[in-house]
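**Q** Protein chains in written order, with numbering that gives the first Met the number 0: chain X, 0 to 363; chain U, 0 to 363; chain Z, 0 to 363; chain G, 0 to 363.
Keep in mind that a hint or two might mislead.
Identical copies look the same in the list; a pair holds intra-copy or inter-copy alike.
[To be verified] Mimicking DSBU-like on lysine-lysine, the simulated pairs with C-alpha atoms at most 30 Å apart in a straight line are:
#1 K328 to K84
#2 K328 to K318
#3 K328 to K194
#4 K328 to K277
#5 K275 to K318
#6 K328 to K275
Quick caveat, the hints were computed from the structure, so don't treat them as lab data. Please read these numbers as outputs of a predicted model, since none were measured by experiment.
There are 4 protein chains.
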Amino acid sequence: MSSMTGENIKLSIFGESHGAAIGVVIDGLPAGEPLDFEEIGAQMSRRAPGRDKTSTQRKESDTPEILSGVLDGHTTGSPLCAVIKNSDAHSSDYDDLSRFPRPGHADFTANTRYGGFSDFRGGGHFSGRLTAPMVFAGAVCRGLLTRRGVNIGAHIYSIGGVNDTPFDAANVGAETLRELSHMTFPVIGSESEAKMREVIEAARMGSDSVGGIVECAAQGLPCGLGDPIFGGVENRLASVLFGIPAVKGLEFGEGFGAARLHGSENNDAFCMSDGKVKTATNHSGGILGGITSGMPVVFRLAFKPTPSIFLPQQTVDLKEGCNAALQIKGRHDPCVVIRAVPVVEALTAFCMLDLMLGGCKGDA
Amino acid sequence: MSSMTGENIKLSIFGESHGAAIGVVIDGLPAGEPLDFEEIGAQMSRRAPGRDKTSTQRKESDTPEILSGVLDGHTTGSPLCAVIKNSDAHSSDYDDLSRFPRPGHADFTANTRYGGFSDFRGGGHFSGRLTAPMVFAGAVCRGLLTRRGVNIGAHIYSIGGVNDTPFDAANVGAETLRELSHMTFPVIGSESEAKMREVIEAARMGSDSVGGIVECAAQGLPCGLGDPIFGGVENRLASVLFGIPAVKGLEFGEGFGAARLHGSENNDAFCMSDGKVKTATNHSGGILGGITSGMPVVFRLAFKPTPSIFLPQQTVDLKEGCNAALQIKGRHDPCVVIRAVPVVEALTAFCMLDLMLGGCKGDA
Amino acid sequence: MSSMTGENIKLSIFGESHGAAIGVVIDGLPAGEPLDFEEIGAQMSRRAPGRDKTSTQRKESDTPEILSGVLDGHTTGSPLCAVIKNSDAHSSDYDDLSRFPRPGHADFTANTRYGGFSDFRGGGHFSGRLTAPMVFAGAVCRGLLTRRGVNIGAHIYSIGGVNDTPFDAANVGAETLRELSHMTFPVIGSESEAKMREVIEAARMGSDSVGGIVECAAQGLPCGLGDPIFGGVENRLASVLFGIPAVKGLEFGEGFGAARLHGSENNDAFCMSDGKVKTATNHSGGILGGITSGMPVVFRLAFKPTPSIFLPQQTVDLKEGCNAALQIKGRHDPCVVIRAVPVVEALTAFCMLDLMLGGCKGDA
Amino acid sequence: MSSMTGENIKLSIFGESHGAAIGVVIDGLPAGEPLDFEEIGAQMSRRAPGRDKTSTQRKESDTPEILSGVLDGHTTGSPLCAVIKNSDAHSSDYDDLSRFPRPGHADFTANTRYGGFSDFRGGGHFSGRLTAPMVFAGAVCRGLLTRRGVNIGAHIYSIGGVNDTPFDAANVGAETLRELSHMTFPVIGSESEAKMREVIEAARMGSDSVGGIVECAAQGLPCGLGDPIFGGVENRLASVLFGIPAVKGLEFGEGFGAARLHGSENNDAFCMSDGKVKTATNHSGGILGGITSGMPVVFRLAFKPTPSIFLPQQTVDLKEGCNAALQIKGRHDPCVVIRAVPVVEALTAFCMLDLMLGGCKGDA
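Required output: the full structure, derived from the provided sequences and hints.
**A** Printed below as a string of C-alpha cells:
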C-alpha cells in the first residue's frame with residue numbers, strides 16, 4: 000500500500016523532491032546490529048547525483064541524519080528513522096508541470112489522482128530522488144545480511160542494446176558481488192563501460208535519453224525461504240522492485256527467454272555436490288515454486304529511458320484543454336541505469352532480509 | 000503472505016492437488032452484486048483439464064460449490080467461500096517424488112521448507128490445479144468489473160517462438176477483449192492457432208514441453224488508480240501474477256523492449272481527444288508513476304515450459320544422498336500456456352477490482 | 000480487516016448461520032504438527048449448542064471436515080481449511096428480521112452496511128454460530144502451544160453479578176488451566192455453578208437473558224513476546240477478542256480496578272526466584288509495555304446479555320418507516336457466557352501461537 | 000505490527016525519549032485537505048509536559064516540523080512526515096535502569112525483548128513522550144473529520160475513585176465535544192476538577208501516583224461503518240488505543256456494567272426520530288455487530304497509576320542476579336490521565352478517519 004512495504008520488517012518512504020526533506024522509517028530491525036556508517040556512506044555516494052556527465056547536475060550531499068533506532072552505533076530494535084535534507088532544489092524550473100504534464104512522467108496521473116494538490120515540483124513524491132532513502136535502508140539491511148553470509152550485487156546488463164557479460168547464474172560468487180557492489184559503473188566485461196558510455200553520450204548530445212537493463216544476484220541464501228502462491232520470493236521482490244521509478248519489466252532466471260525453450264532445455268538437473276543438493280544449471284534463477292533452492296537468486300530489471308528529454312515534445316494544456324508544445328527544463332540524467340544499480344541492490348537487500356527474518360516461522 | 004493476497008478485497012487460496020478439495024475465500028466483496036453462474040462456468044471450463052491433446056488427461060468436473068456469501072444469487076457482503084472437490088486423483092503416480100524431486104518443480108524446495116511434511120502428491124499446494132479457485136474468484140470479480148465498464152482479455156502472445164499478432168496497445172477495444180475472454184485457444188491472428196498447435200504437438204511427440212508468453216489487457220479503467228512507490232499498479236499486479244505457477248517474467252507496455260529505446264521513441268505524447276486527455280501511443284502500458292493513465296493497461300507474462308516431461312532426467316535420491324535417474328509418470332500438459340490464459344485474466348480481474356474498490360479512498 | 004486476522008499465522012472465518020456451511024482457513028501453520036482429533040472434538044463439543052437449558056435448543060453435530068493442509072494426521076504447512084455443515088436451521092423463524100430489526104442485534108447495522116443484501120437469517124455472518132470455526136482453529140493452535148509448554152484456560156468470572164473465585168494472577172498453574180479447559184461449566188469455586196445456574200434459570204423463566212464476565216489466563220509464555228506501541232500483546236489480543244459476538248469490554252491484570260489504585264499498590268515488585276526474574280504480584284496481567292513479562296497473562300472479557308429475549312420489545316418497521324412492536328421467535332441462549340468460555344480460550348490460543356511464531360524475528 | 004498501524008491510512012510512530020527526535024509518518028491521507036496549524040498547536044500544547052504540578056517538569060516546546068506531504072498548507076496526498084526534536088532530556092537520571100528495572104515499567108521486558116540493546120534512557124521507545132506524535136497525527140485527522148461532520152471529545156471520567164458526570168450516551172452533542180476537546184482539564188461536572196486535583200496532590204505529596212479512567216465519544220458518524228468479526232469498530236479502536244502507555248482496560252457503551260444486566264435492560268429499543276432510525280438509549284455505545292449504528296460511539300479507557308513513584312521499591316539487580324532496592328529519580332507525572340485525554344482523542348480521530356476512508360469500499 001502506497002509508500003510502505005514489507006512483512007517482517009517494514010519500510011516507509013516519505014518526502015518530495017523539492018520539499019524540506021526525504022527519508023525512511025525501518026520498523027522491525029533486530030536489536031543489537033552494528034551499523035557500518037562508512038559502508039552506508041559509500042552506497043549513498045554511488046547513487047548520489049552530480050558525479051559526471053551520465054547523471055543530473057543537481058548537487059546533493061545526501062547525508063542521512065539518523066533520528067531514532069540507533070544507540071552507540073547499534074540498532075535498538077525500535078523504528079529507525081533517517082532523514083535527508085533537500086538543498087539544491089531549483090523549483091522554478093518546474094513551474095509549468097502542473098499545467099503542461101511531461102510525457103512519460105507521473106505529472107498527469109498524479110495530478111488526476113490527487114486532484115491537483117500533489118507536489119509537482121521536480122516530480123514530487125514520484126521523483127527519482129526518493130531512491131536515496133531506499134539506498135540508505137538497503138545499506139543498513141545489507142550489513143545484517145553480510146553477517147548472515149548473504150551477498151548481493153548487480154551490474155549493468157545492457158544500455159541501449161549494448162550488452163555486458165551476463166552472470167554465470169549457477170556460479171555467481173561472493174567476491175564478484177562484493178566487487179560489483181562497490182563500483183560506480185558496475186560491469187563485468189572489460190570493454191562494456193567504454194561502449195556503454197558512448198551510447199549514453201550520443202543520447203545526451205542528441206538531447207535524448209536511453210534505457211537499459213540491470214541484472215542482480217543474491218548469493219548465500221539458504222534453501223527454503225519464501226511461501227507458496229502469493230508469498231513467493233518472486234512475488235515479494237516484484238512487489239518491491241516495481242517501486243523503483245522507470246522499471247517496466249522483471250524476469251527471474253531464464254525469464255522471457257524460457258518462453259522459447261523446451262522443458263528438457265530449461266529444467267535444472269539436481270545433483271549432489273559436496274554432500275549438498277545443487278542444480279547443474281540455474282535457469283530457474285534460484286527459485287522453485289516461489290521458494291529459494293539454495294542456488295543464487297538471479298533476476299533482471301528493465302528500465303525505460305528517462306522521460307525527461309530536451310527535445311521538443313507534444314503535450315496538453317490542462318488549463319485550456321488543448322494540445323500544446325513542451326520544452327523541458329531542469330537537470331536530468333541521460334541514462335538512469337547507472338545510478339539505479341545501487342537502488343536495485345538496496346531493495347533486494349531489504350527483501351532478502353525481510354525473507355530471512357520470517358524464515359524461522361515454522362521453527363518456533 | 001503465503002496463499003492470501005489483496006488489499007481492499009482479500010483472496011485466500013487453499014487445497015492440495017490430491018487432497019479432499021481445493022477452494023477460495025473472497026473477503027470484502029461489495030454486497031448486492033449478482034453472480035452470473037453461466038459465465039463463471041464458462042471460465043472454469045476454459046481452464047479445466049482433459050479437453051484435448053494440449054492438456055493433461057486428468058478429468059475434473061471443476062464445479063465450484065458456494066458455501067457462503069451468496070444469497071438469492073447476489074453477494075451478501077460476507078466472505079464468499081467456494082470449494083471444488085478433487086475426484087480424478089492418481090496419487091500412486093507420485094509415490095517417489097518425496098525421495099526423487101522432479102527438476103524444475105517445487106518438490107525439493109517444498110520438502111526443505113516444510114521439513115518433509117508437505118503433501119507432495121501431484122505437487123500438493125504447488126500444483127497448477129490450484130489455479131481453478133483463482134479462475135472462480137476472477138470470474139466473480141469480472142462480473143463486478145463489467146458492470147463498472149472495465150473489460151479484461153488476454154491472448155497467447157507466443158509459444159515456443161511462434162508469435163501471435165500483438166495488441167495494438169493504444170487502441171485495445173472492449174469487443175476484442177470480450178471475444179478473447181471466451182475463446183478456448185485465444186489468439187488474434189488467423190493462422191496463429193494452427194502454427195502454435197504444431198509446436199505443441201512436436202513437443203508432446205518428443206516427450207517434451209514448451210513455454211510461451213501471454214499478453215493481457217484491461218480496458219475502461221479510469222485515470223488515477225494506484226498509489227505511489229510500492230502501491231503502484233505494476234507492484235500490485237506483479238505481487239499477484241507471480242502466484243501463477245511457471246511465471247518467470249512480467250513486463251508492462253514496451254517492457255524489456257524499452258531498454259533499447261531512446262526517450263524520444265518511448266515517451267507517449269499527450270493529446271486531447273474528444274475533450275479527454277489521451278496518449279497517441281501507449282508504450283507505458285497505461286501506467287505512469289504506478290498510476291493508471293486511462294489508456295489500456297497492457298502487460299506480458301513469460302511462462303517457462305512445463306517441467307514435467309517424459310524424457311529421462313537426472314535428479315538426486317534424497318534418502319540415499321546420491322545422484323539418481325528419473326522417469327516422470329503422471330498426466331501433464333505439454334504446454335500450460337493455453338490453460339493459463341483464463342488464469343491470467345482471472346487474477347488481473349481480482350487486482351483491478353481491488354484497485355477500483357480502493358480508488359475512492361481520497362473521496363471520503 | 001473484516002473476517003481475517005493474524006500476523007504470522009492468518010485466520011479467515013466464513014459462513015452464515017443458515018447458509019450451506021461455515022468454516023475457517025488457517026494459513027501459515029508450521030508443517031509437521033500432529034493434530035489431536037479427540038481433543039479438537041472435545042473443544043467443539045464444549046461450544047456446541049443444545050446441551051441443556053442454558054443454551055439454545057438448536058442441534059448441530061458441529062463435526063469439522065478438513066479439506067486441506069493435513070496429511071497422515073500432520074499439518075503440511077499449506078493452508079488448513081475446515082468446513083462445518085449447517086443442518087438444523089429454522090430459517091422461517093427469521094423472516095421478519097430484515098424488516099423489523101431486533102434491538103441489540105446487528106440486524107439494523109448489517110442491513111445498512113450491506114444495502115439490504117446481507118443474509119439476515121439467524122443473524123447471518125454475525126451469528127454466534129460463527130464461533131464454531133473459531134473453536135476449531137483454537138483447538139488446532141492449542142495443540143502446538145501445549146507442545147511448547149504454554150497452557151490456556153478460562154472460567155466464568157461472574158454471571159449477572161454472581162462471582163466465581165478469581166484467578167490468583169501471580170500463581171496460575173498449568174494443572175488448573177488444563178482442568179478448566181475441559182469443563183463444560185468452568186468455574187473455580189465449588190458453589191459457583193449452582194448459584195450461577197439459578198441466575199440463568201431465573202432469566203430464562205422471565206423470558207429474559209443475562210450477561211457475565213469470562214476470565215482467561217495463559218501460562219508458560221516466555222518473557223519478551225510482543226512489540227511496542229501498536230504491536231503489544233494487549234493490542235493483538237484485543238483486536239481478535241472483540242471479534243467474539245457480545246463482547247463489550249476487555250481488561251488486563253488489575254484493569255479498571257487499577258484506575259482506583261496508587262502506583263505503590265499497583266506496581267509489581269521484581270524479585271529473583273530460582274534464579275529467574277519474577278514479580279511478587281501480577282497486577283500487570285503479565286504484560287509490561289505490551290511485552291510479556293514471563294508471568295501469567297491474565298485478562299477479563301465482559302459479555303452483554305444475549306439481545307434475543309422473548310419479552311415484547313420496541314423496534315422500527317424499516318419498510319414503512321414507523322415504530323413497531325417485536326416478539327422474537329427462534330432458539331436462543333438465556334446466557335451465552337458458558338458457551339463463550341471455549342471461544343475465548345480458542346482465540347487466545349490463536350493469538351498466543353501467532354505471537355510465538357513471530358517471536359524469533361530478532362534471532363535470524 | 001510494532002509501531003505501525005492502520006488500514007486505509009497508516010501511522011508509523013518513531014523515536015526514543017532521549018534520542019535526537021520523535022515523529023510520525025501518516026501515509027494515505029487524501030490530498031487537498033487544509034491543515035489548521037493553530038488547532039494542531041493547541042492540541043500539542045494540551046499534551047505537552049511542564050504545565051503545572053499534575054505533570055512532569057520536563058520542558059519541551061513540542062513544535063512539530065513537517066518534512067513532507069504538505070504544500071501551501073494543504074495535504075499533497077504523499078506521506079506526511081513530522082518530526083519533534085527532543086531538547087530537555089536528562090539522561091543521567093536514567094543510568095541505572097538497564098541494571099535495576101523499574102517495577103511497572105517496560106525496562107525489564109524491553110531489555111529481554113531487545114537483548115540489552117534497547118534505548119532505556121527515559122523509557123526509550125516505550126516512553127509516554129511517544130504520545131506527542133500521536134497527538135500531532137490525531138490533530139491532522141481531526142481536521143478532516145470536522146469537515147465531514149464528525150466530532151470527537153473526551154473527559155476525565157474518574158481519578159482515584161473520584162468520578163466526573165458521565166456522558167449521556169444517547170445524546171452526546173457536538174458542542175460538548177468541541178468544548179471538552181479544548182480544555183486542559185476536561186471534565187463535565189463543575190466540581191470534578193477541584194476534587195480530582197485534591198486526589199492527585201495527595202498522591203504527589205505522598206511520593207506516589209494515582210490512576211484513572213478517560214471516557215471518549217465520537218458524534219456524527221454515519222451508520223454502517225466497520226466490518227464483521229475482526230474488522231469491527233471495537234476491534235480497530237482497541238488495536239490502536241492499547242498503544243497508549245498505561246492503558247489496561249477498554250469498554251464500549253455499558254461495558255463491564257452490561258455483564259450484570261438483563262437483556263431487557265441492556266437492549267436499546269429502535270425508534271423513528273425525524274424520519275431516521277435511532278435508539279432510545281445507547282447501552283451499545285453506538286456499535287452493533289462491530290458496525291456503527293449512527294448513535295454516538297462511547298467508550299472508556301482505564302489507566303493504571305504511573306509506575307514511576309518516588310517511594311522506595313523492590314526490584315532486581317540484573318547484573319548480579321539478586322534482589323535490590325530502588326529509588327527512582329527523574330521527572331514524572333503523579334497522574335497521567337489529564338495529559339492522556341488529548342492522546343485518546345487523537346488516536347480515536349485517527350481510527351475514525353481510517354474507518355471513514357474505507358467506508359466507501361462497497362460503493363465503487
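**Q** Would you list, in rising numerical order, the hints stated earlier that this structure does not obey?
**A** Of the numbered hints given earlier, the structure breaks none, since each of them holds.
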